[in-house]
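Below are the chains, spelled out letter by letter.
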Amino acid sequence: MNPDALRMLKHELRTPVNHIIGYSELLLEAAEDDGIDSITAQARELHKDAQEIAATIEKHFLHTTWQDVETCCSSLWAEVGPALRRIIQRSHSFRDQSSGSWAQDFERINSAAERLAKMIHADYELDEIAGGRVIEFLLSLRAG
Amino acid sequence: MERIKSDNMRRILLVEDNEMNRDMLTRRLSRKGYEVAVALDGKQGLEMAQTIRPDLILMDMTLPVLDGSEVLKKLKANSDTQGIPVIALTGHAMESDRQFALSIGFDDYDTKPVDLARLLEKIEGNLAKKEGRS
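Here the protein sequences line up with chains W and U, keeping their order. Just so it is clear: in the first sequence, position 75 is 75 by the working numbering, and no numbers are missing. Just remember that the working numbering sits 144 ahead of the position in the second sequence, which is counted from 1.
Next comes chain W alone, as it looks inside the complex:
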């Protein structure tokens, strides 16, 4: 794969993962300071899955070539899909169980996770927004 395109692709994928990691760390810091054990435990679960996804993305694109980018994205979904689905489901559920700024931060994690899912997986459901943007993005670069 073109090194600049790979760099941009990884950046695009990392951004929502960084949001999940950052907000779960923010929740952890605040919940630990306030002694709210339930939020601490929930934030830890989300953080662990997000770290796993970040490491998988990094590893996955080490040997990608232009020729196998579509395959690469679908196999990436196979690797990160379970953790990403867990984050989406849990952050949704944690948001409903909490209130105020806690709920807002779980909602931000949920929206970042859904954004990432839609980038990687063309068939990712939920609404009419077209998925598979990473593949479209790469194909447009290759065409250009």
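In case anyone wonders, no lab produced these hints; they're calculated from the structure. Keep in mind the model is a prediction, meaning the values are calculated, not measured. Careful: at least some of the hints might be erroneous.
Said to hold, decoys possible - Quick partial rundown of chain U residues pointing at chain W, CB under 8 angstroms, derived from the structure:
| id | residue |
| --- | --- |
| 1 | Met164 |
| 2 | Met168 |
| 3 | Arg171 |
| 4 | Arg172 |
| 5 | Arg175 |
| 6 | Gly235 |
| 7 | His236 |
| 8 | Lys256 |
| 9 | Pro257 |
| 10 | Val258 |
| 11 | Leu260 |
To be verified - Okay, derived cross-link-like pairs now, SDA-like style, lysine to any residue, Cα gap no bigger than 25 angstroms in a straight line:
| id | chain 1 | residue 1 | chain 2 | residue 2 |
| --- | --- | --- | --- | --- |
| 12 | W | Lys59 | U | Asp241 |
| 13 | W | Lys10 | W | Cys72 |
| 14 | W | Lys10 | U | Val209 |
| 15 | U | Lys273 | U | Arg262 |
| 16 | W | Lys48 | U | His236 |
| 17 | U | Lys218 | U | Glu275 |
| 18 | U | Lys176 | W | Ala31 |
| 19 | U | Lys266 | W | Ala54 |
Note that beta-carbon positions come from the ideal geometry of N, C-alpha and C, so glycine has one too.
Model the placement of chain U on the given structure of chain W, informed by the hints.
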């Protein structure tokens, strides 16, 4: 332009165009006792640096309107702002990115996702250097 105000605090100017990154970092730094001013693009960052004279600037390298490297060049060319330490923040984690940032004059460099403990060390290290404490 958003500000979280307080007196007797170290003032950090955060120049970041991504809303979630801005929100996260502002809140985490505020929790650690810093006053955080926020600019949404490079041009606004440059104007705010000249107006509020922060103790330190955290700046994303890829910014709309005026890129991070252009802002840095203007800050370092201005006698009023050249002494303010500027830490580059980027989502690119390659060693070449770090070398590039330092070669064009950033005082320090860190990557996203932010490791808060590591970033705080860099902030304090650069503030100490500026104040001649190291």
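Notebook entry, point to check: Going by Cβ atoms only, is Arg175 of chain U closer than 8 angstroms to chain W?
Noted result: Holds, about 7 angstroms.
Note to self: Checking one constraint from the list: CA of Lys48 of chain W to CA of His236 of chain U, max 25 angstroms. Satisfied?
What the structure shows: holds, 22 angstroms
Note to self: Does the closest beta carbon of chain W sit nearer than 8 angstroms to the beta carbon of Met164 of chain U?
What the structure shows: Given a least distance of 5 angstroms, the restraint on Met164 of chain U holds.
Checklist line | Proposed proximity, Asp241 of chain U with Lys59 of chain W (alpha carbon, max 25 angstroms) | finding: holds, 19 angstroms
Check: Does Lys176 of chain U pair with Ala31 of chain W here, judged by a C-alpha cut-off of 25 angstroms?
Finding: holds, 15 angstroms
Next item on the list: May I ask you to test the interface hint for Val258 of chain U with respect to chain W, counting a Cβ-Cβ separation under 8 angstroms as satisfied?
Entry: holds, 7 angstroms
Item checked: Hinted pair Lys10 of chain W and Val209 of chain U, Cα distance within 25 angstroms -> Between Lys10 of chain W and Val209 of chain U the Cα gap is close to 23 angstroms, so the pair holds against 25 angstroms.
Checklist line | Hint check, His236 of chain U versus chain W [nearest Cβ-Cβ separation less than 8 angstroms] | finding: Nearest chain W Cβ about 6 angstroms off; hint holds.
Margin query: Restraint: Lys256 of chain U near chain W, CB-CB cut 8 angstroms. Satisfied or not?
Written below: holds, 5 angstroms
Notebook entry, point to check: Straight-line Cα separation of Lys218 of chain U and Glu275 of chain U no greater than 25 angstroms?
Noted result: Between Lys218 of chain U and Glu275 of chain U the Cα gap is close to 22 angstroms, so the pair holds against 25 angstroms.
Item checked: When the least beta-carbon distance from Gly235 of chain U to chain W is tested against 8 angstroms, hint result -> Holds: closest Cβ of chain W sits about 5 angstroms from Gly235 of chain U, inside 8 angstroms.
Item checked: Given hint Arg171 of chain U near chain W, where the shortest CB pair must fall under 8 angstroms -> At 6 angstroms from the nearest chain W Cβ, Arg171 of chain U passes the 8 angstroms test, so the hint holds.
Figure legend: structure checked against the earlier numbered hints; every hint is met.
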